[in-house]
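Asker: Keeping the supplied structure of chain A fixed, place chains B and C upon it in accordance with the hints.
From first to last, the protein sequence lines are chains A, B and C. Each position in the first sequence, counted from 1, maps to that position plus 6 in my numbering. Each position in the second sequence, counted from 1, maps to that position plus 28 in my numbering. Each position in the third sequence, counted from 1, maps to that position plus 22 in my numbering.
These aren't lab readings, by the way, just hints derived from the structure by calculation. Just so you know, these numbers come straight off a predicted model, no measurement behind them. The reader is advised that the hints may include incorrect statements.
[Claimed, not checked] In the DSS-like style, the derived pairs of lysine-lysine whose C-alpha atoms are separated by at most 25 Å in a straight line are:
| no. | chain 1 | residue 1 | chain 2 | residue 2 |
| --- | --- | --- | --- | --- |
| 1 | A | K143 | C | K166 |
| 2 | C | K182 | A | K143 |
| 3 | A | K131 | A | K80 |
| 4 | A | K107 | A | K80 |
| 5 | C | K182 | A | K148 |
| 6 | A | K354 | A | K107 |
| 7 | A | K179 | C | K166 |
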Amino acid sequence: MTTSRRTLILTTGALLAAPRLAAAQETPGVTATEIRIGSTNALSGPASTYSVITKCLTAMFQRLNDQGGVGGRKIAFIAYDDAYQPPRTLEQTRRLVEQDKVAFLFNQLGTPTNSAIHRYVNQRKVPHLFLATGADKWANPKEYPWTIGWQPSYRTEAQIYAKYILEQKPNAKIGLLYQNDDFGKDYLHGMKDVLGARFDAMVKTATNEATDPTIDSQIVSLQAAGCDTLVCGIIPRFAAQAIRKVHDLGWKPMMFMTNVSVSAGAVMQPAGPEKGVGLITSDYRKDQSDPAWANDPGMAEWRAFMAKYIADGDLSDNNYTYGYGAGSTMIQVLRQCGNDFSRENVMKQATNIAPMDIATLLPGVQVQTQPGNYNVIRQMQLQRWDGKSWVRFGKVIEGANT
Amino acid sequence: MNGLAHQIVAGIATGGIYAAVALAIVMIYQATHHVNFAQGEMATLSTFIAWSMINAGMPYWVAFFATVAVSFAIGVAIERLLMRPVQNAPELTHVGVFIGLLLIIGNATGWIFGYTTKSFPSPFHSDKPLAGGLISAHELGSTVVTLAVLLLVWAFFRFTRLGLAMRAAAYNPRSARLVGIRVGWMLALGWGLAAAIGAVAGMMVAPIVFLDPTMMLGILLYAFAGALLGGIDNPMGAVIGGFVVGVLENLAGAYVVGTELKLTVALAIIIGVLVVRPSGLFGRVVYSRV
Amino acid sequence: MTRMDESLGPSGAAGGSRAWRATLLTLGIFAAVAPAFLLESFQLFQLTMAVIMALAVLGLNIVTGYNGQISLGHGAFFAVGAYVTAILMSHFDWSFWATLPVAALVCAAVGYGVGFPALRLGGLYLALTTFSLAVAVPQILKHKALEDWTGGVQGLFLVKPDPPFGLAVTPDQWMYLSVVAVAALCFWGTWNLVHSRIGRALMAIRDNPTAAQAMGMDISALKTKTFAASAMVTGIAGALSAVAIEFVAPDSFTFGVSITLFVGMVVGGVASILGSLFGGLFVLFVPNIAEAISKAAPGVIYGVILILFLFLLPGGFAGLLRQIAARLTRRRP
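The following block holds chain A by itself, in its conformation from the complex:
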């Protein structure tokens, strides 16, 4: 990774070159009555299915304000559209930081988009908190101390699958199908982490592009290569295709699907629920369709919130349980801040969260941070599709521990 070392040197250089930026204001974005928080999301365009996260967060801050706010201050949450285009993300982020003068940034969506502002926010020392992306690179406190993710990384997820495969089928022939982008490549890296030198012998890979019409050819190749296990890091449309094609081919591999693409509504129903029986994935959230949570106090809290603040929201959309978890974490940090909402203290509190339970996360999965470990959620549990819903099995597994 020569690039990252060079990046570090460049970053440090730029930090030294721009001292006048930091001292300009004591607590930007914070007045006696208000704390301003900024965010970007794909409010329009193909990625706009995620815009409900912003809707959920806005409603959560509304609820917080209704309850009197934090430290005597109300939250002003400003979210701009970047249409998932990295240059637009930089433009909107600079608008938030330089023009709207927000105190900090929270839950911006996407890997390429956050990459575009990664260095900018760290140069300016603006807290860049709990990003809506599962890329591995956000947990890097040494080089990028002002950026922190939230959900377990895709790489962690892939590690968990690889460990499970080694446990169940030590001589597996693994087919790995991943999308040729940041997201997909984390699955490649995660598998390599666990398999190490055995990777080349055990794994046959195939990739797809977001613009490909179908992935039939890739599936056929992996089957022809004699794979008996299939790991998929692909977006929902291709996930549905893969599940169906594997079934139609009469191929019966032990099949793993990224937890990005396991929504009952958007993947399993289109693919045909009966075709996905036996499919394995992992999650850190409670599945709202699972009857096990019918009387769960955490989910009851979430449902009450939805009923009151987002009455028109689609209750089967798990972006709402995601948003509720991220929002709860943010509110915890704000409460921890006491009366000091300076950027330094916000960052300090965000990286010193004692292990805590969150209403929409699985029992045993906790949110926690330490100054040396920016992996906020470190546990997941495997689950299997039974034709109607996801059934959890095994223990909660700890992934990243660095």
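Answerer: Just chains B and C now, with coordinates in the frame of chain A:
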């Protein structure tokens, strides 16, 4: 070598998709001598219309033909309202209107129906997998539908007075007008037919790739490659071109350049055809009029 | 600045005396430099991006506006320019200024290569080829074979140049001034090209290819060279954007960039140098306005504006100004 056979069959199945869209592109080209860059978006919109009808409880085939009719009307309306006023404007204006349509229809579809992947039903079912699961009943059925549409189009142009009039209007508008053909309406009819064929293509594609507002962008590129390969003024050529591109794409992806460059294969086919044989495999050689 | 001349129309500028021109030039330079010291850093950044987009639109205008060859894929050259600069700066530690000529040359070469087969045929084929190129570019940028250089999907980071000689300006201000200087040079060069014999030949080819050929012009050679020059200008804009944003990634160069440039050209003014400037301002600021009108589907607003302009104002903003100017001069006694 079993893998090779599998790749070829899978390629033919995907090629059927490209063939259907290529056919729609060639239709507009034949009628108006333009390439409609919004063809993919129009087909997607039609498919969403069908999806809404089916969701509202309409039987599949009723919704199918209703969608074809509605799409035909939309195509005619677009020609009358948007293309007619700029009829004599430079090529750039036409391309501009196509791009405008692409933006409007594409974004409006996403706005109205959302970007979540949806399933679209297929009228073709089979209990046991065909050819060892290589080709689904739907892929076989949709290929038959594409060929049937091709046959209809060919018969229409070959054997009906209207088809002849349309060909005349596109080939030589001035002379056509002299013999009493209403050239303006022939253009509108061409648009309507292309939109209708696009709708059929969309409804055949959607069960395979699943329905979402962006489903056509990648497909459109392969369809262009297919249409150019077959000859942009030849419906039969376009269909054959579509199938060839499907197979080539899979073979190149599996054995030559790797799956990361499949789109680039389409680009290479386009450039290759333009360099080696601009009229395509089955097209008429183009002479520029002097 | 030279571009001011054109807004006055041929009658205004051609008749102006030397002193008048010098005054205009000075005023123009002032108008271009002043924002660096008047605007806040964010607005300055936006203006920098607008000038960069204007330059990219200018590139497209050379081939599509002046020469009538429709390109729907200029985003590809924008990407190539950006990547050349990014690769040279981050892997070989070149200075930003040294990368510009290389980016320009590489883009011209790529433009020549793409234009050569497509331009022999009708405009339609070029539109098709460039459309396909624009769709395929992100995939090519991500490819394994180039990954060591391009950084693959992760992209590359680079750093804005620091102001030289201890100048008392911020990097943002310096970036803006550099971009304006490069853009002014390109605009000036294009103005000269368009108003030269070659420029008249280009327009002759656009307006009546048959006559142009009859007069002995080598149409396809001239078209291909024009395409290369056009790709070069857009590529320079791409190179500037890489430094202004300090980051390049395949996802920044989707098909949408090409569409944006096309819309900017139509709305600003086809075959107008001043229009390209309007186009740049338009593509940068209108998405924000469109977002304000309709949060759900700014793209629809974009498309509607494009079609409205084609119907009502085919000359774009620049054409509108020209009409107004013509009317004013006519009424003058």
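Asker: Has the given pair, K143/A with K166/C, been kept, meaning a C-alpha gap of at most 25 Å?
Answerer: 20 Å, holds
Asker: Is K179/A close enough to K166/C, meaning Cα to Cα at most 25 Å?
Answerer: Answer holds: K179/A to K166/C is near 24 Å, not above 25 Å.
Asker: Is it true that the CA of K354/A sits at most 25 Å from the CA of K107/A?
Answerer: Holds: K354/A and K107/A sit about 20 Å apart, inside 25 Å.
Asker: Does K182/C pair with K143/A here, judged by a C-alpha cut-off of 25 Å?
Answerer: 23 Å, holds
Asker: Is it true that the CA of K107/A sits at most 25 Å from the CA of K80/A?
Answerer: 16 Å, holds
Asker: For the pair supplied as a hint, K182/C and K148/A, is the alpha-carbon distance within the 25 Å limit?
Answerer: 23 Å, holds
Asker: Given the proposed pairing of K131/A with K80/A, does the C-alpha separation stay at or below 25 Å?
Answerer: 23 Å, holds
The structure meets every hint from the earlier list without exception.
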